[in-house]
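Chemist: Given next are the chains, with one letter for each unit.
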Amino acid sequence: MAKVIISLGNDISTDDIYPGRFMATVLPAETPQFAFFDRTEFNAQLKAKAFAPGSIIVGGENFGCGSSREQACSTLKGHEVAVVARSISRIFLQNSINLGLQVVICPAIEASEGDDLLITADQVVNRTTGKTYDQVKLPAARKGIMDAGGLIPYTRARLMAKQP
Amino acid sequence: MGMTVVEKILARAAGLPSVKVGDVVEPKVDLAMSHENAALVINQYLEVFQGTGLQPKVWDPARIAIIFDHRVPAESPKTATNQKKIREFVAANGIAKFHDVRGDVGGICHQILPEYGYVRPGFVVVGTDSHTTSHGAMGAFSFGIGATEMASVWSLGIAVNIEVPATIKVVVKGEFPPFVGPKDLILHLIGKLTAQGANYKVLEFHGETIRKMSTSGRIAICNMSVEAGATSGIVPGDAETLRYLREEAGVTDPIPCVTPDPEANYIQTVEIDVSTLGPQIACPHMVDNVKPIGDVAGTRIQQIVIGSCTNGRLDDLAAAADILRGKKVAQGTRMLVFPASSKIFAQALDKGYVHDLMKAGAVVMNSGCGPCLGVHEGALGDHEKALSTTNRNFKGRMGNPTGEVYLCSPVVAAASAITGVITDPRKG
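In order, the protein sequence lines correspond to chains A and B.
The opening residue of the first sequence carries number -18 in the working numbering; numbering runs sequentially from there.
The opening residue of the second sequence carries number 33 in the working numbering; numbering runs sequentially from there.
Pulled out of the complex, with its shape left as it was, chain B reads as follows:
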């Protein structure tokens, strides 16, 4: 019997000829990523060694990546002190894949990993962040874990007791209509599957639309796969993966791709034709509360957010700049833009997008998780509404439990910034 991509990846990483759904395996980890919560990982990791008489030693510093993004620059002495401790740990353990608070190599972990070629097709990637599913866009099996599990990975170099997950095949066909794109596709899919429809399963993406999709779009759909409960989203590595890794990440060593067997076994197949899809909005307070834009058009918005690990890439900023160039953000609405990485920020500067957005009235912020998780900037006032290109709209998400967050694509966010209400960009 054939294997899915993830089955093949797990078989290779566990040193087995084949695996099937439900098998318990212990794959070797190719990359282990953490952000500021490395502070907790370090605490748990040191506890593992307590009383053993062993000197704490990470299994392979070259396979550990730590990226500061959640609260940069630090919003509190507590975060700053956590970051300081992590910096000391990184230096003491020789962890080279470390991205500090910097305007050259800093950024959001889910952009930095692909951007620097840290993730390759066929890798097993774990990260102490639920949106680690993003790296499925590079053809890797990539999933989120907790800090204690990461401490175990740092100690042993394997993910212990992993059950081989079932896979849902998602086949996407058709060409996106104008002003409709990957974000609308994934919101539509989450609405269709529900927030737990893919729980404990993998979403494997196929079809002509995916083949033609840029890596940026693929990251967006894999990023949000977790909002349907998926362990991971994955786009099997192909020509676009190789192009991105060679041309944009500067990878020069061989890049073998892993593809599923034609007779692989899927638990379910979902087919989507995007040629008739319109802009989608995830309404408060669940990501699967997805509606066509017409249902909520006209809703007044106090804060527009463009950015994040979902939609803070160069093409997202370009799309927003194209709509806002020469226009103004509506009075009574504020617009926050935070590029996914410093590199993207610099590219957006060179291309004039930052200028276009600022001239329209947007505040362009440093790269990082920014307002998405409501920790230190861009919090909502009582009963305010935000329209955001980020990935979650749970109650309290943007720092205020009385606030409401609507999720959308960058073009919807940009068109709505001009009017101050949720606006269909096709009618602009």
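Here chain A stands alone, though its shape is the one from the complex:
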């Protein structure tokens, strides 16, 4: 079980998650400091490690829309949070799978800050409200990448398999 640390609306853009003015910072080890930078209080809490690993950011429709910047995923991955959203923008979803950021698509999710959620194999249970919501499975085509632990180990294995 994990706590919802923020509940956001629809169309949360990558500019919100990781503002463009920090794009010169690219390395995953350095991006977490800028997560949701312009949400000053939330950014400060993240940086102060106020949240337990596995804590959940709840989003509405089209979470992660906009830029392909991978920093938007590495910055959240660095804080060891998970994202549960009603729907997720294509590139953000792919980047999350590639980097191993836990993302859950849950079209009807309703959860407020402070709620306790339990993510099962195919559902999300809001223990605070007592309601249960179905997940939409991540694309089957991505299973290989997830099983390998991300796109880097996956590509490495594919590369090795190609060697004579």
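To be clear, the hints were calculated from the coordinates, so they are not data collected in a lab.
Cβ atoms here follow ideal geometry from the backbone N, Cα and C, with glycine treated the same way.
Where hints are given, some of them may not hold.
[To be verified] Straight-line Cα separation of at most 27 Å, DSS-like style, residue types lysine-lysine; simulated pairs:
hint: 1; chain 1: B; residue 1: Lys205; chain 2: A; residue 2: Lys124
hint: 2; chain 1: A; residue 1: Lys143; chain 2: B; residue 2: Lys60
hint: 3; chain 1: B; residue 1: Lys117; chain 2: B; residue 2: Lys375
hint: 4; chain 1: A; residue 1: Lys118; chain 2: B; residue 2: Lys205
hint: 5; chain 1: B; residue 1: Lys375; chain 2: B; residue 2: Lys205
[To be verified] Covered by chain B, according to a simulated footprint, are these stretches of chain A (three or more residues, beta-carbon under 8 Å):
hint: 6; stretch: -7 to -1
hint: 7; stretch: 3 to 9
hint: 8; stretch: 40 to 51
hint: 9; stretch: 62 to 71
hint: 10; stretch: 105 to 115
hint: 11; stretch: 122 to 136
hint: 12; stretch: 139 to 145
[To be verified] Now the in silico label distances, taken between C-beta atoms and shown as ranges:
hint: 13; chain 1: A; residue 1: Ser93; chain 2: B; residue 2: Asn125; range: 56 to 62 Å
hint: 14; chain 1: B; residue 1: Asp136; chain 2: A; residue 2: Asp19; range: 49 to 55 Å
hint: 15; chain 1: B; residue 1: Gly135; chain 2: A; residue 2: Ser93; range: 50 to 56 Å
hint: 16; chain 1: B; residue 1: Lys116; chain 2: A; residue 2: Gly95; range: 52 to 58 Å
hint: 17; chain 1: A; residue 1: Ala33; chain 2: B; residue 2: Lys116; range: 36 to 42 Å
hint: 18; chain 1: B; residue 1: Arg134; chain 2: A; residue 2: Ser93; range: 51 to 57 Å
hint: 19; chain 1: A; residue 1: Gly130; chain 2: B; residue 2: Arg119; range: 31 to 37 Å
hint: 20; chain 1: B; residue 1: Gln363; chain 2: A; residue 2: Gly95; range: 36 to 42 Å
hint: 21; chain 1: B; residue 1: Ala271; chain 2: A; residue 2: Lys(-16); range: 39 to 45 Å
Put chain B on the given structure of chain A with help from the hints.
Modeler: Frame of chain A; chain B shown alone:
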């Protein structure tokens, strides 16, 4: 059953007789483009090879393009150092399609690729930039990916585990009224579809209006297809594609075009008649918050921006110069112009547009992404409003989370520069 353009392109690139929506394929990549975020791609690419005992080697240096545009000239020592590392990588790996910070061959990646004939109809193009959808204007299947995925492409030469996307057919008819053009069409379409209406889907553009549209206009509509969530926008290659590649990009080798089958299967068809369309404005803070100009006319604007991968082409600058010639940018409003490429900048100089714009009071900046992403020039002050021909208006986009960005066409931006408020150019 027939295939859409993208299905045909993916079937060819995956070496299959046919594909259908939902199939998982691994297409060979014809062109892999990155900008300054190649610094991250290089980092991830080297990590792929770690512990393998293999010498890192890109699959095909001739199919990799790297263009510096996001922060040129560098705004910080960090960016300058990233650019330096990329330059070293480019030299060590023999990457010839490299466009450095230069006043002759530099520019925005989404202009450089078509301008130099790097993209052809039927290509599979990936780019570490969401607006890679732009190259659908050349009849290619072109989509944005993250840096780690690009590292995988550099290593393997294929895009792994791609699901064949469904296609929405967009049929556009009618002639644009005066002062209305491709930007208004795409803003209208995004408003209609919503910001996620085409998520995981392709927008395939058809109709007489598209056939008659210049490549510049087609790039603008494909560029912004991603703002409706689309994986890609695409205009099937035709006579205009060939004209552009031959006459403007100087391509001399054969250019086969890929067209959809008449009985291709579309998930949805959208029909638009532009003959009754007026200027459209995307209001803060979402691109799908689109309103007819009348709803926001009179809104005071502190910064006008004309340029970007969406609307920084020669015809855009010509349209702005025609409106501003002999006039002045309003006091209290500043106007920034950044051409999409150095070549366009030089053409605009030769034709006198740069002179017209500067004389009116505009600041003409070097080619690059400029103020669009709020990184190093043209940031907004607290609570200032911008009217811009760029493609995004998310909160914080132009460098200040309290600022507001309205998106419009070049003629609306130019007419509004004179008055200092959002102005309908039809009433000028």
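Chemist: Now tell me, hint by hint, if it's right for this structure.
Modeler: Taking the hints in turn, this is what the structure says about them:
no. : hint                                : result
1   : Lys205(B) - Lys124(A)               : violated (43 Å)
2   : Lys143(A) - Lys60(B)                : holds (15 Å)
3   : Lys117(B) - Lys375(B)               : holds (26 Å)
4   : Lys118(A) - Lys205(B)               : violated (39 Å)
5   : Lys375(B) - Lys205(B)               : violated (32 Å)
6   : -7 to -1                            : holds (count 3)
7   : 3 to 9                              : holds (count 5)
8   : 40 to 51                            : holds (count 8)
9   : 62 to 71                            : holds (count 3)
10  : 105 to 115                          : violated (count 0)
11  : 122 to 136                          : holds (count 9)
12  : 139 to 145                          : holds (count 5)
13  : Ser93(A) - Asn125(B): 56 to 62 Å    : violated (51 Å)
14  : Asp136(B) - Asp19(A): 49 to 55 Å    : violated (38 Å)
15  : Gly135(B) - Ser93(A): 50 to 56 Å    : holds (54 Å)
16  : Lys116(B) - Gly95(A): 52 to 58 Å    : violated (47 Å)
17  : Ala33(A) - Lys116(B): 36 to 42 Å    : holds (40 Å)
18  : Arg134(B) - Ser93(A): 51 to 57 Å    : holds (53 Å)
19  : Gly130(A) - Arg119(B): 31 to 37 Å   : holds (32 Å)
20  : Gln363(B) - Gly95(A): 36 to 42 Å    : violated (51 Å)
21  : Ala271(B) - Lys(-16)(A): 39 to 45 Å : violated (60 Å)
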